[in-house]
Every structure is written in C-alpha cells, then in structure tokens.
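**Student:** Now for the letters of each chain:
There are 4 protein chains.
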Amino acid sequence: MIIVMQPAATPADLDHVVSRVTALGLRPHVIVGTERTVVAVVGDERNAVSSGLESLPGVASVMPILAPYKVASREVQSEPTVVRAGPLVVGGGTIGVIAGPCSVESREQIVATARAVKAAGATGLRGGAFKPRTSPYAFQGLKEHGLELLAEAREATGLAIVTEVVAPEDVPLVARYADVLQVGARNMQNYRLLEAVGRTAVPVLLKPGPAATVEELLLAAEYILDAGNRQVMLCERGIRTFESHTRFTLPLATVPWLHARTHLPVVVDPSHGTGHANLVESMAAASVAVGADGLIIEVHPDPKCAASDASQTIDLPAFARLMDTCRRIAAAVDRSVSPAPPAP
Amino acid sequence: MIIVMQPAATPADLDHVVSRVTALGLRPHVIVGTERTVVAVVGDERNAVSSGLESLPGVASVMPILAPYKVASREVQSEPTVVRAGPLVVGGGTIGVIAGPCSVESREQIVATARAVKAAGATGLRGGAFKPRTSPYAFQGLKEHGLELLAEAREATGLAIVTEVVAPEDVPLVARYADVLQVGARNMQNYRLLEAVGRTAVPVLLKPGPAATVEELLLAAEYILDAGNRQVMLCERGIRTFESHTRFTLPLATVPWLHARTHLPVVVDPSHGTGHANLVESMAAASVAVGADGLIIEVHPDPKCAASDASQTIDLPAFARLMDTCRRIAAAVDRSVSPAPPAP
Amino acid sequence: MIIVMQPAATPADLDHVVSRVTALGLRPHVIVGTERTVVAVVGDERNAVSSGLESLPGVASVMPILAPYKVASREVQSEPTVVRAGPLVVGGGTIGVIAGPCSVESREQIVATARAVKAAGATGLRGGAFKPRTSPYAFQGLKEHGLELLAEAREATGLAIVTEVVAPEDVPLVARYADVLQVGARNMQNYRLLEAVGRTAVPVLLKPGPAATVEELLLAAEYILDAGNRQVMLCERGIRTFESHTRFTLPLATVPWLHARTHLPVVVDPSHGTGHANLVESMAAASVAVGADGLIIEVHPDPKCAASDASQTIDLPAFARLMDTCRRIAAAVDRSVSPAPPAP
Amino acid sequence: MIIVMQPAATPADLDHVVSRVTALGLRPHVIVGTERTVVAVVGDERNAVSSGLESLPGVASVMPILAPYKVASREVQSEPTVVRAGPLVVGGGTIGVIAGPCSVESREQIVATARAVKAAGATGLRGGAFKPRTSPYAFQGLKEHGLELLAEAREATGLAIVTEVVAPEDVPLVARYADVLQVGARNMQNYRLLEAVGRTAVPVLLKPGPAATVEELLLAAEYILDAGNRQVMLCERGIRTFESHTRFTLPLATVPWLHARTHLPVVVDPSHGTGHANLVESMAAASVAVGADGLIIEVHPDPKCAASDASQTIDLPAFARLMDTCRRIAAAVDRSVSPAPPAP
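Protein chains in written order, with the working numbering: chain L, 1 to 344; chain R, 1 to 344; chain C, 1 to 344; chain P, 1 to 344.
Just so you know, the hints here were simulated from the structure itself, not pulled from any lab data. Be aware that one or more of the hints could be misleading.
Each pair may be met inside one copy or between any two copies, as identical chains are not told apart.
Taking lysine to aspartate or glutamate pairs in the EDC-like style, the calculated list, with each CA pair at most 20 Å apart, reads [to be verified]:
#, residue 1, residue 2
1, K304, D324
2, K118, E35
3, K143, E108
4, K304, E108
5, K118, E195
6, K70, E216
7, K143, D15
8, K118, E169
9, K118, E108
10, K143, E75
11, K304, D13
12, K304, D15
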C-alpha cells in the first residue's frame with residue numbers, strides 16, 4: 001500500500017507512521033518527493049485492512065495496491081473455472097443458457113415453459129419458489145410446493161434447476177431440489193447465507209446488489225469459495241444509476257473486466273438488467289458478443305399474466321428467436337451456445 | 001394509476017386494457033387526448049402490482065399514483081412516532097444521540113467510551129458485536145461476548161444499547177441484550193430478518209442499503225410494522241454515487257422529504273455517510289439544522305487503534321465538541337438534543 | 001399531463017387547478033379516486049412547460065405524458081435517418097466506422113493513421129484539432145493547423161473528416177475542413193453552439209454529457225434539428241456512475257431504446273465509454289450486436305506516445321482485428337459494416 | 001505518482017517504465033514487493049498528464065498523488081479568499097445571501113423582488129436575462145432588456161447583481177451590467193467562456209455540472225484563476241444520482257471537503273439542489289450549519305406564475321423566514337449572515 005503524507009506532516013508524524021507499519025509486520029520505504037512524502041509499504045497489506053493508518057496524524061490518504069480478494073483471483077488460478085450442473089455448462093468457451101419464469105406459478109406453467117425453453121436450446125430452467133419482494137403486499141412465491149413443481153419439470157425435461165435461496169436455514173431444503181442455488185441481489189452481503197451455500201456441493205449463481213462494486217462482488221464470492229465451494233458463477237444484472245429509462249443500467253464492460261481478474265465464469269441477466277421485454281433480445285446478443293459465459297432470461301408462456309416481473313419477461317417465440325440470434329453471434333466469435341459438449 | 005397508450009394503439013388494444021383493468025376490480029376512465037389516449041384507473045392500485053398491464057399490446061407505460069407503502073405513511077398516522085428506549089428518546093422535537101465504537105473490542109474500551117459519551121450527552125451506546133464485513137478476511141466481531149460487554153456498559157452508565165443483528169436466528173439472543181435492534185444497510189432487504197425483528201417488542205433502527213430508494217426503505221419498514229412492531233427509526237447513512245471523495249454521499253434533503261411522507265423518526269449517520277472523521281462534526285450540525293430526530297456517531301477513545309472503520313471515527317474530545325455544536329443549533333431551531341424529557 | 005392532487009386538497013384547490021389548466025388552453029378531466037383525485041389534461045402539454053402547476057395549493061405532483069422532443073421523434077418521422085458524408089454512411093442497416101487519434105499531432109501521424117484505418121475498413125477519420133481539456137495545463141490541440149493536416153489526410157485517403165468544434169465562432173472555420181462536426185460531451189448543452197452547427201449543412205455527431213438523460217440528449221438534438229440541419233447522429237459514450245473500474249459506464253441498452261423513439265442514427269464510442277484499450281474490441285463487438293449504426297474508435301500508430309487519451313487508444317493491428325470481429329457480428333445480425341453501398 | 005506493475009511484468013518491462021519516467025524529467029524509485037513491484041515517481045507529475053504510462057507493457061495502473069489543480073489549492077494560498085461585490089461579501093466568516101427569481105420577467109417583478117429580499121437581508125440579487133434551457137421550446141430570457149431591468153433594480157436597492165453569462169461573446173455586454181458573472185452548470189467546461197470571464201475584473205460564481213467531480217470543478221476554477229481573475233466563488237448545486245425524489249442530490253459534505261483543499265469560498269444553491277420549494281428552507285439552514293460561505297436562493301413574489309423553475313421557487317414570506325432561521329444558525333456557529341461588515 002502507499003501512504004501519502006500531508007504537505008505539513010512533521011518528521012515525528014513520519015516516524016510514527018513508519019513504526020506503526022513496522023508493527024503490522026510490513027516493510028516501509030520512505031520516498032521524499034518535491035511536494036509530498038510517500039511511504040510505500042511492502043508485504044501482505046490485507047493484514048492491514050482497517051488498521052487505522054488513515055487516522056494517524058500527518059497522513060493524507062492510504063492507497064491499496066493489492067486486490068482485496070484472493071481465491072477468486074486469476075493470479076491464484078489462471079485457468080477459467082467451468083461450472084457444470086447436469087446438462088448446464090457455463091464457462092470455458094461454452095455459453096450456458098438458463099431460462100424460465102420469474103416465479104413458479106403452477107405445474108402447467110412450469111412444465112410447459114421447461115419443454116419450450118429446452119426445445120429452443122436452454123440447458124437450465126430458472127423459476128422462483130422463495131421470492132424476496134420489495135413490498136410485503138406482493139406475491140411471495142409457492143415456497144416448497146414450488147420446489148416440487150421444479151423437480152417435476154426437471155423430470156420431464158432433464159433441465160438443470162436454478163432457483164433462489166433466501167435464508168441460511170432454507171439451504172438444506174432448497175439444495176435437495178436445486179441443481180444451482182441462486183443468491184439474489186438483495187442477499188449478496190448476507191454473509192450467513194454465503195457461508196451456508198459455500199458449505200454445500202451445489203453450484204452457486206451469485207448476483208450482485210445494484211450498488212455493489214466489482215470488488216465487493218468478488219469479496220462476496222470469496223466468502224463462498226473460502227467455505228469450500230468452488231463452483232461459483234458471477235452474474236451481471238445491472239447497477240443503479242441516474243438513468244431511469246431502463247430498470248437498471250447493464251454495464252457489459254464488466255464482463256471482460258472480470259475475465260481479466262477472475263477465473264470464475266460470468267453470466268448476464270438482460271431481463272433484470274433492462275426491465276423491458278423489448279430490450280432483452282438485443283442485450284442478450286450484446287452479452288454473447290462481449291464474452292459472457294452464460295445468460296439467464298425470464299421467459300413465460302403468457303408474460304402479461306406472469307405473477308411477477310411481467311414487463312421484462314419475453315414469450316416463448318421471442319425466446320426461440322433470441323437463442324437463434326445468440327447462436328449466430330457465438331459462432332461469429334468462435335464460441336458456442338449450449339447444448340454443451342459432454343463433460344469429460 | 002394512469003395507463004398511457006401508444007399513439008398507434010388500436011381500439012381493440014384499448015378495449016383489452018379496459019377489460020383487464022375491470023377484471024382487477026378497478027374502474028377505468030378513458031381520456032382521448034390530441035396525441036395519446038390515457039386510461040385513468042380508480043381503486044386500490046396496490047392490488048394491481050405486477051399485474052402485467054405494461055405488457056399488454058398498445059400500452060406505452062403505466063404510472064402509479066399511490067405510494068406503495070401504507071402503515072408507514074403520514075396519511076395513515078399524522079402524528080409523528082416517538083421511539084423510546086430507556087433514556088433514549090427519538091422524535092417529537094427531541095433529538096436522541098447514539099454514540100460509540102464501530103465494534104465492541106474489550107471491556108475497558110466499551111465501558112470507558114460509554115462513560116465519556118454519556119458525560120457529553122449521548123443517551124444511546126452503539127457498538128457492534130456481530131459484524132457483517134465486506135471481506136471474509138476482516139474482523140467479524142466478538143459475537144455473544146460482545147453483547148455481554150455491552151450489557152456491562154449499560155449497567156455502568158444506564159445508556160440504551162444499540163447493536164446490530166444480522167440473521168433471524170440471532171434475534172432472540174440479541175434482543176435479550178439490546179435496547180434497540182439495528183438492521184444494517186446490507187440487510188435492508190433481508191425480509192426474514194425484517195419479519196423477525198418485527199415480531200419483537202424491541203425498537204428497531206433500520207438502515208437503507210446504499211442504492212435503496214426512499215420508497216424501498218419505506219417498504220422495508222413496512223415489513224417490520226406489518227409484523228406488529230411500531231417502534232421503527234429510519235436512518236439516513238448515505239447513498240452510492242459517482243463522487244468518491246466521501247465514502248458515500250449523504251443526501252440530507254431526504255430528512256424533510258421523509259418527514260412529509262412518514263410519521264417514523266429519521267436518524268442521520270454522518271460517520272458512514274462521509275467516511276472521514278474530519279467531516280463528521282459539520283455534517284452532524286447540518287443534520288440537526290435540517291431536522292433530524294437523532295444522530296448515530298462512531299466514537300472511540302483511540303480511533304487510530306479501532307478494529308474497524310478507523311478513518312471515520314472521532315475521538316472523545318471531538319465528540320464533546322460535536323455535542324456542544326449540535327445543542328446550540330438545536331436551540332436555534334427550537335428543538336433540543338438529549339437528555340430527553342422524562343416519558344409521560 | 002396528469003395532475004395528482006394531495007389527499008387533503010380542498011374543492012377550492014381543485015377549482016383553482018381546473019381554471020388554470022383551462023387558462024393554458026388545455027382541457028381538464030377530473031377523476032375522483034378512492035384515495036386521491038387526479039386531473040387528466042388533454043392538449044399539447046409542451047405549452048405548459050414551467051407553468052407552475054406544481055406550485056398550486058393542493059397539488060401533489062404533475063406527471064408529463066408526452067415526450068418533450070418533437071422533430072427527433074419516431075412519431076414525426078418513422079423512417080430511420082441515414083447520415084451520409086462522402087464515403088461514410090451511418091444508419092439504415094449500414095454501420096459506419098470512424099477511427100483515428102484523439103488529437104492530431106503531426107502530418108506523419110495523421111496520414112499514416114488514415115491510411116491504416118482505411119485499409120482496415122473505416123470510412124471516417126477522427127482527430128481533434130480544437131481540444132477541450134479538463135485541465136488548463138494539458139495539451140490543447142494544434143487548432144487550425146490541425147484542420148489543415150486533417151484535410152491532407154482526406155486528400156490522401158478519401159476518408160470523411162470528423163472533428164470537434166468547441167465554440168460558435170469557430171463553426172465557419174471548422175466547417176470549411178470537416179465532413180462531420182462533432183459536438184463534444186462538455187458542449188451538449190452549449191445552446192449557441194448547437195444553434196450554430198444547426199445552421200450549417202454539415203452533418204453533426206452529438207455526444208451527450210456524462211450525466212445527460214436520454215431525454216436531454218434528444219432535446220439537444222432538437223436544437224440542431226430545429227435550426228434546420230437534419231443530418232444528426234447521436235452518440236452513446238458512457239455515463240458517470242459509482243463504478244470506477246471503467247472511465248464511464250457504457251449503457252448499451254440505450255441503443256435499442258433510442259431506436260424505438262427516434263429516427264436519428266446512434267453511434268457508440270467504446271473508447272471513451274470504457275477508458276481502457278483492452279476493453280474496446282469486446283465493447284465494439286457488443287455495440288454492433290446491440291444494433292449500433294456506427295462506431296467511433298480511438299486509434300494511434302503508437303498509443304503509448306499519444307498526446308491525449310493514451311490509455312484508451314488501440315494500435316493499428318488491434319483496430320484491424322476489431323474490424324474483422326465487427327464485420328462477422330454484423331453479418332450474424334444481417335447488417336453490414338462499411339464500406340457502405342453507393343448512395344442512391 | 002505510483003506506477004503499479006502487473007505480477008507478470010518482466011524485468012524488461014520495468015526497465016522500459018524506468019527509462020520513460022526518467023525521460024519525462026521525473027525520478028523513479030523501484031520498490032519490489034512480495035506480490036507486485038511498484039515504481040514511486042518523484043517530481044511534478046502534472047507534466048506527465050496523458051503521458052501514456054498506463055499503456056506501457058507490464059503496467060497495471062498509475063495512481064496520481066498530487067492534486068491536479070494548483071492556484072485554487074490551499075497549499076498555494078492558505079488564507080481564505082473573500083469575494084466582495086458592492087454590499088455582497090462571501091467568505092471569511094461572513095455568509096452572503098443572493099436571492100431573486102430564476103428569470104427576469106418584468107420591471108415590476110424584479111424591482112419588487114429586489115426590495116423584498118433586501119428587506120429580509122439579502123445583499124445580492126439573482127435574475128436570469130440569458131437563460132440556457134434544456135428544451136428549445138422553453139422561455140429563453142429577456143436578454144439585454146433583462147440586464148437593463150436588473151440595473152434598475154440595483155439602482156432602487158443597491159443590491160449586487162448576479163446574472164448568468166452563456167457565451168464568451170456576451171461577456172463584455174453582461175459585465176457592463178453585472179456585479180457577479182455566473183457561469184452555469186451547463187457551461188462549467190465551456191473553456192472559452194471560462195477564459196473570457198477570467199480576463200474580466202468581475203467576480204465569478206462558478207456552478208459545477210451535475211456529474212462534475214470536485215476535482216473537475218477545481219480545474220474549471222483554475223481556468224478562470226489562470227486567466228487572471230482571482231475573485232471566484234464555487235457553488236454546490238447538487239449532483240445527479242439514482243435518487244429521483246429530489247431534482248438533484250445536494251451533497252453538503254462537499255463544503256467542508258472543499259474548505260480543506262481550496263481557499264475559494266463555497267456558495268450553496270438549495271433551490272436547484274432540491275428542486276422543491278418545501279425543502280429549500282431546511283437545506284439552507286443545513287448549508288449554514290455545515291459552513292457554507294454563501295447561499296443563492298430562488299425567490300419570486302408569486303412562484304406559481306414564475307416563467308421558469310416555479311416548483312423550486314419560494315415566495316417572499318418564506319424567504320424572510322429562511323433568513324431568520326439562517327441568522328440564528330449562523331450565530332450558533334459563531335458566524336454571521338449578511339449584511340456584511342464594511343470592507344476595510
């Protein structure tokens with residue numbers, strides 16, 4: 001880390017900084033500049049997180065140099081992680097597509113959707129059974145019955161089931177039914193939940209909160225990885241900005257940025273990322289072009305009757321067109337959309 | 001709600017909208033404009049949340065008219081709610097001040113801080129025992145032992161204890177020690193936790209996430225109120241914006257905005273809201289001037305040695321100065337900082 | 001527009017609103033709801049901009065229904081505008097690519113770059129002669145000499161010259177050399193400049209400010225269109241958000257959103273939009289996939305020696321690869337990157 | 001500046017960086033860390049702006065240490081600048097208040113407003129004659145006739161006239177009438193205009209754009225200072241964020257942050273900063289409490305009839321109350337609202 005001293009810092013201030021850095025087990029290098037003195041600190045600065053150096057007299061600012069995450073880093077593992085859950089393969093040049101309704105509503109709805117999205121080429125089926133809702137007055141999901149219906153849809157189609165878990169105490173239950181556990185945007189920093197899914201052997205899809213930085217997302221992933229579960233997919237689902245014409249702003253440059261820093265695969269969610277059904281197909285296409293390892297798309301047989309997220313949900317013919325477009329773009333950049341090659 | 005039709009909408013589209021609105025138990029009024037037709041909808045539109053009207057053919061947009069929250073609303077209760085927890089009184093013209101360290105570290109630290117902040121005029125003691133931390137490698141708190149130390153500090157000073165609870169399963173434990181349960185920014189949409197604190201009789205301090213809108217904050221409060229707990233304080237602790245010179249951007253206009261719409265008292269946290277110790281006093285002063293019902297301030301006997309949040313923590317003499325300034329400003333606006341008048 | 005009354009509004013308040021709406025030449029429709037009364041207003045509400053209706057007693061809020069722009073709207077012209085400047089064609093299924101250095105530095109630099117980007121398939125040459133710079137201590141451009149060098153590069157290659165104009169008084173000079181006048185992000189609301197370029201017959205590339213909403217961008221375009229110049233290209237070059245890993249956040253969903261509302265073509269600038277050379281190619285690919293009508297890319301024979309914007313500038317081989325990728329993606333979505341077909 | 005090398009950087013990469021730093025006239029210090037090597041660079045790094053160091057092979061990032069502004073800096077001038085324009089004094093413990101309508105509309109309106117705001121204690125009169133408007137269809141101001149009316153209001157009251165100038169060619173005209181030239185938010189980076197006002201001897205009120213960082217604001221001020229005009233007031237008027245319940249988000253912590261870094265006085269605009277008349281008084285109070293050197297407030301005899309910004313304009317009795325509140329708060333923090341003491 002680099003400690004920048006104030007112009008008016010005294011020699012005693014500098015001595016104090018140097019001795020505190022040394023006490024933290026790190027090595028200080030003092031560099032006297034024309035306007036400022038800086039102290040370059042050598043050693044594992046992660047030990048010095050929250051060490052109060054910024055509060056020392058004469059210190060102007062402290063700039064970290066090392067990324068705060070470790071296990072998620074490309075520097076620790078240079079090979080990309082490929083996440084596999086039954087037919088769903090995400091990463092390593094294969095683009096896995098997860099599709100389905102926001103909420104599981106009925107057997108007919110979920111089985112019909114599963115068959116249709118499978119026919120169009122999806123290998124994962126999304127569907128919420130436990131629904132975290134902003135308003136206490138909104139539909140909260142079918143809960144365990146929803147999980148049973150998802151299991152029936154898997155039976156009928158073979159698709160991998162991707163569903164959200166909202167509390168640590170629900171993890172054993174949801175893990176009995178799900179092939180992928182989704183941690184939603186509201187729970188990205190629910191650390192008990194991250195630890196609980198980290199102790200399972202079930203792959204995890206981790207969605208960032210709408211104001212999370214990419215460093216915070218990687219540190220949340222680190223909680224799961226650190227607990228022992230290495231099958232983690234990151235998800236880009238949009239950030240909150242001043243622009244209100246879309247529900248969120250979907251910053252696709254995050255995909256190549258993350259690929260340069262982490263081995264974990266990156267899935268894009270153009271449904272939540274835009275909030276409007278008529279923007280989903282083109283943003284899915286852009287996601288494939290930019291290098292996404294997967295897509296998660298809200299699809300419903302009759303979007304206008306969907307129990308939640310109706311305005312951002314596409315219908316079955318639109319999903320078939322979307323898959324067709326994405327396959328052509330993937331081919332143009334020498335990658336492939338599922339069905340995935342058989343696991344080795 | 002107002003449904004705006006597209007210019008190219010057909011009469012059949014309009015009929016379809018009208019019949020669906022009617023089916024939802026609402027009454028449509030069609031108004032044919034020079035460029036657009038709109039349908040004004042009369043009735044409790046909260047029943048129509050997620051009803052998919054935006055997805056109907058010919059619909060351009062749907063604009064809600066009613067606020068989505070109810071129990072928190074001034075329209076339901078016009079008198080301001082006053083929250084009382086022992087000597088701490090927040091609301092109704094009395095400004096309650098909660099002060100203390102980010103984390104409970106030791107008996108000496110927490111008791112000494114409690115005595116000093118009480119002497120300066122605080123009536124609540126903050127201190128984290130269960131710490132949600134962005135990095136899995138950072139100090140996670142003393143947990144139950146921290147709660148015991150907080151209870152000792154209360155014994156020694158009589159201050160009300162304000163401490164965070166991070167999971168529903170911890171609520172009974174934390175509620176045995178705490179006078180106020182804090183729900184932190186990361187958990188504002190952890191609905192199980194909101195419901196759990198809502199089922200206690202302990203006052204709650206609810207912090208919004210850094211990208212939460214004020215509507216989302218009020219809907220989170222609604223989960224607690226709806227579960228039966230009416231002693232809820234809202235907290236303004238800063239939002240995430242492009243400006244990075246402060247840790248967060250502290251939008252004080254939210255205080256009078258909330259006062260116009262909700263009866264719940266509003267506490268300001270200038271420590272997290274700025275992230276820099278040298279900005280805390282002036283922003284505390286501004287908070288009192290703008291009408292805050294309470295303050296929550298990070299104070300430590302030796303900030304540079306604090307186990308967490310060192311850079312935004314002020315020392316004891318600075319806190320005494322801050323209280324002095326806030327008392328003078330409160331007097332200038334005909335309000336008073338604690339100690340509070342005795343409860344009736 | 002819809003005027004929402006407060007719950008406590010009196011009949012006299014309502015009468016006052018109705019008579020003021022009538023006085024503005026508009027027709028009010030009063031709708032009495034269960035919790036609120038609203039007044040739906042029929043007529044061209046653009047006449048009522050800033051009419052103070054929000055300040056009337058008893059009024060809670062005023063919601064516009066019509067978009068504030070007219071000439072730029074799809075409702076006025078449903079056919080897409082195609083902008084043509086020599087070999088550069090932008091819109092109508094043809095993707096025009098503009099490439100070149102941030103600043104014109106020397107004859108060798110600009111002519112060599114022009115030849116190379118032409119060989120790779122660009123039809124426009126960008127290069128700044130008048131440089132608006134955040135710091136008064138930074139390189140401010142070669143000014144008229146830079147324009148002369150651009151003209152030499154056009155002579156040598158036939159490429160269309162795209163260069164920025166920063167002040168109304170410079171418009172005649174720059175228009176003598178340029179094939180496209182660029183209005184930069186800092187000048188999006190420099191209305192004298194918008195009017196000045198609007199009075200020329202030279203096509204304009206209009207860049208939004210980093211906090212401009214899409215409505216504000218379309219209103220800025222409206223200034224140019226209203227002054228008589230219909231050859232306007234909009235540019236998406238990134239917005240300012242809390243995310244700091246990229247220079248700006250590039251919200252590609254704006255492209256299809258704009259296509260649905262305006263006939264003007266949309267160019268994407270992945271160089272400024274990301275700020276990092278290693279993100280430019282993948283975001284250019286995503287831009288083509290999402291439906292952009294053009295690209296503007298910073299290219300330099302030796303980026304590390306560029307006089308400005310070095311970190312976001314790609315070299316000539318990288319540009320050739322980028323063009324190849326974009327051509328393949330364009331083909332996958334049944335569109336084509338330049339060279340454009342001959343004008344009819 | 002600190003140059004952080006990539007973990008995989010080669011010795012040749014490092015040599016290359018070192019020789020380029022040396023060629024820029026700066027001194028490199030290489031520090032070999034456990035995971036990374038960094039190069040600390042000593043010398044005036046402002047010479048190295050845009051020097052392309054970030055693009056060199058093996059470089060991960062470049063972090064500046066020095067602030068990019070000079071003349072505006074507290075390090076160059078430690079005494080606060082006091083701006084004086086007739087009776088208006090801003091800075092040095094005196095809070096100057098500028099009040100008046102958004103637009104000059106008529107002799108009656110501006111003279112009546114001037115008399116009333118003077119009676120309440122304002123020393124400056126605001127009023128727009130040249131109005132930059134987002135929409136080309138909105139009222140654009142009375143132009144020179146508006147300036148004449150402002151001069152009449154000055155004649156009648158002695159107040160200092162504060163009015164906006166929107167183009168360099170208008171500076172001589174506006175400077176003939178104005179006591180303070182306002183550069184509006186849309187023109188913060190109109191460098192020709194900054195230079196033109198910098199060449200006058202008339203004090204300047206500089207408003208930042210809604211996405212400007214504080215560094216960018218200080219660099220804009222630097223253009224004016226560098227041209228010779230040292231009478232510059234900065235203005236905080238709100239930034240654009242995701243929160244839409246106010247027109248902008250007014251980040252008052254910027255005031256003490258700026259005071260620590262620049263000697264220039266800071267004026268707050270709670271009218272634009274909130275956009276709602278009912279939030280103006282409390283945010284003006286908070287501005288005084290936080291340490292603002294001045295206020296600029298939109299006041300109109302009949303806000304609902306104002307030609308622009310009606311919803312954020314307060315009436316004359318509200319302004320008198322606001323002044324009363326601000327005077328009491330100023331006294332509580334040992335400062336004083338105008339009328340200012342006579343100039344020495």
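**Student:** Can you give the numbers of the hints that this structure goes against, from lowest to highest?
**Tutor:** Violated hints: 1, 2, 5, 7, 8 and 10; rest satisfied.
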